[in-house]
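Student: Sequence:
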Amino acid sequence: VGRSGHTGTSRGRYQLPPGAQALWMAQRADIPQNLKPVVPIKFHISSRTDSGVHALCNAAHLDIQRAPGKPAFQERELIRGLNHHLKSEPIRILSAYRVTSDFHARFSALSRTYIYRLLLGCTRWSEVPVFERDLCWAPPGGYLDVPAMQDAARFLLGTHDFSTFRSNGPLHGPPTWKELRMCEEAVNPAGMCELPQRNLLSHVLSFQVRRMVGALVAVGQGKLTPHQIKELLELRDARALPPHAMAPPAGLFLKCVEYNEAGG
Numbered sequence: 001v002g003r004s005g006h007t008g009t010s011r012g013r014y015q016l017p018p019g020a021q022a023l024w025m026a027q028r029a030d031i032p033q034n035l036k037p038v039v040p041i042k043f044h045i046s047s048r049t050d051s052g053v054h055a056l057c058n059a060a061h062l063d064i065q066r067a068p069g070k071p072a073f074q075e076r077e078l079i080r081g082l083n084h085h086l087k088s089e090p091i092r093i094l095s096a097y098r099v100t101s102d103f104h105a106r107f108s109a110l111s112r113t114y115i116y117r118l119l120l121g122c123t124r125w126s127e128v129p130v131f132e133r134d135l136c137w138a139p140p141g142g143y144l145d146v147p148a149m150q151d152a153a154r155f156l157l158g159t160h161d162f163s164t165f166r167s168n169g170p171l172h173g174p175p176t177w178k179e180l181r182m183c184e185e186a187v188n189p190a191g192m193c194e195l196p197q198r199n200l201l202s203h204v205l206s207f208q209v210r211r212m213v214g215a216l217v218a219v220g221q222g223k224l225t226p227h228q229i230k231e232l233l234e235l236r237d238a239r240a241l242p243p244h245a246m247a248p249p250a251g252l253f254l255k256c257v258e259y260n261e262a263g264g
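Residue numbers for the sequence shown follow the numbering used here, beginning at 1 and rising by one.
One or more of the hints may lead you astray.
To be verified - Cross-link-like lysine-lysine pairs, in silico, DSS-like; alpha carbons within 27 Å at most: (1) Lys70 to Lys42; (2) Lys255 to Lys87; (3) Lys36 to Lys70; (4) Lys230 to Lys42; (5) Lys87 to Lys36; (6) Lys87 to Lys42.
What the hints assert, rightly or not - Computed spacing ranges between beta-carbons, pair by pair: (7) Gln228 to Thr100: 30 to 36 Å; (8) Arg98 to Arg154: 20 to 26 Å; (9) Asp161 to Leu35: 19 to 25 Å.
Since the hints were made in silico from the structure, they are not lab data. On a predicted model such as this, the values are computed, not experimentally measured, just so you know. Positions of the beta carbon are idealized from the N, C-alpha and C atoms, including for glycine.
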């Protein structure tokens, strides 16, 4: 299994193709061929993020079988080789280690932690510091009622059916019951508000984090009340969420994916 960090945007504000940026970049770099496997490499990524979403530490596993008589790849050798072939892409392999044959980067995950970065005090895009662009969201108006957002976030903690915060796609799909362990706001002196969320189980719903953040920002802007977040959650209907309650991808970071000791 390998852990990597990547940005969701690259030079010229070019958006990577929707979903599985790390997988796309690995294929583009012809990594499977360069490793010279005996059989095609099986590549599985833990979290397929939306275009524009970043990862501080994502995880993926590769099943690599070398030719008879050749030793298995050493961790440092594998990291160096992968990063060499990815040097032109906005991704870096941070670590690599062996896992058991029944390990799966997606389905063995115990939890995923996301961070959403909000920049307060900017009334228009031109006021966003150049080094923060594509790395945060500056909601219109520049001011958010953070205490109200904290009150609203408490309704999201625990185990719920988060259907209201899923994408508006087909009704069939992964289970919508999830446990949210942490959802809180922290504002630093520079006016950056960070919303960490720790989601348990093997995956999160499509657009779930961005829609939850968008709803909390709507509370901070006075467009929704904290109690309306509770009401929306109980409706279990994605169509009930106001159209404006969708945070853009640029401020969202996958912070880490946690496994048990055997899986790293």
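Student: Each hint: holds or not?
Tutor: Each hint tested on the structure:
1. At most 27 Å may separate the alpha-carbon atoms for a hinted pair to count; Lys70 and Lys42 meet this at roughly 19 Å.
2. Only pairs whose Cα atoms come within 27 Å are accepted, and Lys255 paired with Lys87 is accepted, the gap being roughly 22 Å.
3. Taken as a hint, the Lys36 and Lys70 pair is honoured in the structure, with Cα atoms around 11 Å apart against an allowance of 27 Å.
4. A distance of roughly 42 Å separates the Cα atoms of Lys230 and Lys42; the hinted pair therefore is violated under the 27 Å criterion.
5. In summary, the hint linking Lys87 to Lys36 is supported, as the alpha carbons are separated by about 19 Å, within the 27 Å threshold.
6. As the CA atoms of Lys87 and Lys42 are separated by approximately 22 Å, the hinted pair is consistent with the 27 Å bound.
7. Hint check: Gln228 to Thr100, Cβ distance near 46 Å, so the stated range 30 to 36 Å is violated.
8. One distance hint, 20 to 26 Å for the beta-carbon pair Arg98 and Arg154, is violated here, with the actual separation near 41 Å.
9. At roughly 42 Å, the beta carbons of Asp161 and Leu35 sit outside the given window of 19 to 25 Å.
Checked against the numbered hints above, the structure breaks hints 4, 7, 8 and 9 and satisfies the rest.
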